[in-house]
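Each chain, written out:
Protein chains: 2
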Amino acid sequence: SPSEREGHSSTQSSHRLLAYSDALISIIATVMILPVAHTKVEDNEELRESVQLLLTTKIAVYLMTFLIVTVAWAAHIRLFQVIAHIDDCLALLNLACMMLITFLPYTFSLMATFPENVLGILLFCGCVMVIGVIQSVIVLYAFSRPFLLNEQIQISENLTYYKHHILQVIMRVPIMCFFASIFSFIFFQLSYVLLAIIIFLPYISQSLKWCRSKAIGQVEETPDSMLFYTYLPNEPLSKERVEAFSDGVYAIVATLLILDICEDNVPDPAVVQKQFGGSLVAALQAYGPEYLAYFGSFATVGLLWFVHHSLFLHVTKTTRFMGLLNTFSLAFVGGLPLAYQLTHEFPRNSQNELEAIQISCVIVFFAGIFQLSIWVVALYNEQETLHPYVWYGGREHVFMLAKLALYPCVALGTFFLSCILSKFSTSIFHLMEITVPFAFLVLRLLVRIGLALLRFIFCPNRSDLTTV
Amino acid sequence: SPSEREGHSSTQSSHRLLAYSDALISIIATVMILPVAHTKVEDNEELRESVQLLLTTKIAVYLMTFLIVTVAWAAHIRLFQVIAHIDDCLALLNLACMMLITFLPYTFSLMATFPENVLGILLFCGCVMVIGVIQSVIVLYAFSRPFLLNEQIQISENLTYYKHHILQVIMRVPIMCFFASIFSFIFFQLSYVLLAIIIFLPYISQSLKWCRSKAIGQVEETPDSMLFYTYLPNEPLSKERVEAFSDGVYAIVATLLILDICEDNVPDPAVVQKQFGGSLVAALQAYGPEYLAYFGSFATVGLLWFVHHSLFLHVTKTTRFMGLLNTFSLAFVGGLPLAYQLTHEFPRNSQNELEAIQISCVIVFFAGIFQLSIWVVALYNEQETLHPYVWYGGREHVFMLAKLALYPCVALGTFFLSCILSKFSTSIFHLMEITVPFAFLVLRLLVRIGLALLRFIFCPNRSDLTTV
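Taken in sequence, the protein lines are chains A and B.
Residue numbering for the first sequence follows our numbering, beginning at 13 and increasing consecutively.
Residue numbering for the second sequence follows our numbering, beginning at 13 and increasing consecutively.
Keep in mind the hints are simulated off the structure, nothing from the lab.
In silico EDC-like pairs for lysine to aspartate or glutamate, Cα to Cα no more than 16 Å straight-line: (1) K70(A) with D280(B); (2) K70(B) with E275(A); (3) K52(B) with E275(A); (4) K52(B) with D276(B); (5) K251(B) with E396(B); (6) K329(B) with E252(B); (7) K175(B) with E163(B); (8) K329(A) with E247(A); (9) K175(A) with E163(A); (10) K70(B) with D280(A); (11) K70(B) with D276(A); (12) K52(B) with E302(B); (13) K221(A) with E247(A); (14) K52(A) with E275(B); (15) K435(B) with E367(B); (16) K52(B) with D276(A); (17) K329(A) with E394(A); (18) K52(B) with E357(B); (19) K52(B) with D272(B); (20) K329(B) with E394(B); (21) K221(B) with E247(B); (22) K70(A) with E275(B); (23) K70(A) with D276(B); (24) K52(A) with D272(A); (25) K329(A) with E252(A); (26) K52(A) with E302(A); (27) K329(A) with E396(A); (28) K52(A) with E357(A); (29) K52(A) with D276(B); (30) K329(B) with E247(B).
Just need the whole structure built from these sequences, with the hints factored in.
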């Protein structure tokens, strides 16, 4: 029929729409770090307590927002693993959905600031409900034009069964939000319980199931008829989109400090004339720590991106559990620029400075260790998820491990050194910042030397480890 | 040899590195809009003049920064059209290069704020020189491992000639910057002339050549031996990277306002208690205009992205001239959130409000008209640059034209309507914001009706236009 031909001709690849959505969502996920970043921390013992409380609250809000946005993002991935092609109408519906997702962090921070006010809960639930309705409309629209669907679904016989299952999963969240918003008028504490269930329940129930099956050894079979919307830890998650989302977060985080520098650290000509006698060099010297923080955080974020990039070059399939670990890693990466900024905000050798440096080390450590755990999880099922040449015992295996272990090891080392030699903590920290990039440049050499040494010490007769 | 095999095995696709670089550069290009955005505009006739002067300066700095960053980006594209594969070393060198590119806007704004101070010029030139040196190192490294190069170059016989030509083009800029930094000590005005030549000369000389060749009709032949670094208007520019860069700009711009809202518009509980008697709804009503500005600008930027996306679905090859037009369009898109924000900052029916609305219309108009001109330029050479079904007279041609023309037409209409009915300018503007998304949804229908009408009026016997 002509309408069907027309439908086919206006069908588009969804690649760029998804890349754009990933960019939007990654910006929004990391943006709640800004209120934390711009909290003024005083080097005053009396004020410190209250500022630390404020900071802790804000960090908790940041982490929760990050989690909520990534849950919305995971739902978006699921949806567009089912829908492989788009047309103009779906593109516009998706943009409407994006507009609401970008509004979610704001409604959540209203809820966090006014926990006893109904309005925050209502706004949040309202947003989630409208997002759910739009996603259902997208599913209904796509199933009414099957050439838009994923090929596996397109050729399957029980199209209607698929449609009902997917709609059921999607509508679960808005319906629970509907109840949460009704309960908010009666007994608002119950609303929070409901919302927490919405966010965490799939994770908790599936982790429990997974742990049980691993412990007992009994593997639950997924029915072959349902490949999507299973919420199992090994549910496939589009690798391309995990990469695009991570790139977005790394890019925003790397530039967060320069955004502030560009806006705040161009001195006023009148001030330079008055306070520094017209000497621009003197005026800029006052900003020295900011530049240092910028270069330090850019280098660290850049190198963490580099490790992530190397890791995902060797990953062939991403699972939901790997995606979750990646999200944790990214959440720590998001805190990095702040931590670096804090290290330069306090007077030399103060207790605050030492704490800031140690916090930075802890954040780098966790960002790196979660990347390492992605690798470990991938190795656990290496036949399916990794390229053959990085399998255990493979040619590149040790080199990849070294790349992933470098940052956690260095961070741990710096942490303990700064504990012991607390007087030189700043120097140790700066030394770390400068040496790590060079360590990455000569890592292949270092690994070769290390392996040669190991071979020399433990098994001087074997030679199969030399080919790294 | 074993070292060569090893080299091959560590070779990686450059796709993700380039996507990450595009994300970083697009964020940096649009970031200088923030100082403009955060300039407080007073509704006070006396202060207005000076604020307008300040605003004009800042806008000029924003536009110049955008241009400089896109020039650096174009150089980066050229470089990685020659280098098709990367390894760890190139990835790390590229990250170092990115760090300096993200620092460029800051050095430029120092230069703009202290035009008579040598330091700004020196910092800017220093950054550009180091970037040039890193890029030369990248070229030398890649030519020493030819398997990293583009296939066309890899199989060509005169590899050395290519290397020298590319190094010559790359080193031209740092060498001129070196002279500019020396002249800055002697006669700093000359430095600015030199810097302006660096940025604009390739454009001007090539545009003149192009115009002349079009006017006389004599087409200058490019020697087939040199496909890269020609600076001709039809020099190919990686379509993928133009899309990635545009996506980055659209994504940042769409979220600019929500970043501000998330940070500034969560009221303080104490203030709500005091000023609004504990009523959160009343407190949030004060922020109403901000929300309106956010939704308006998100929708406009989203729809402009949608038009861009539709256009580039039909483009098969991007040229340097199309890239330039795209840059102009993006520069205007960058100004959009501010313009929208301004429309809600002034009291109703004031002269300022009318001006802000008209500026918004002008910006939307230019952002749209440059998109339209990309289409016109592509049509000019449609066999090479467009998919057959959107060629002039093709099935989708009119529909694409309608998509591209919708925003410029609506903006122009709103502008003139707000001139005539200045009392209702705000209502007209809001009506525009609400109707345009729906117009896009039913555009295919509208085009069909329009074509039917045209056919009915002008040529009732023809029927070949109906198949849109």
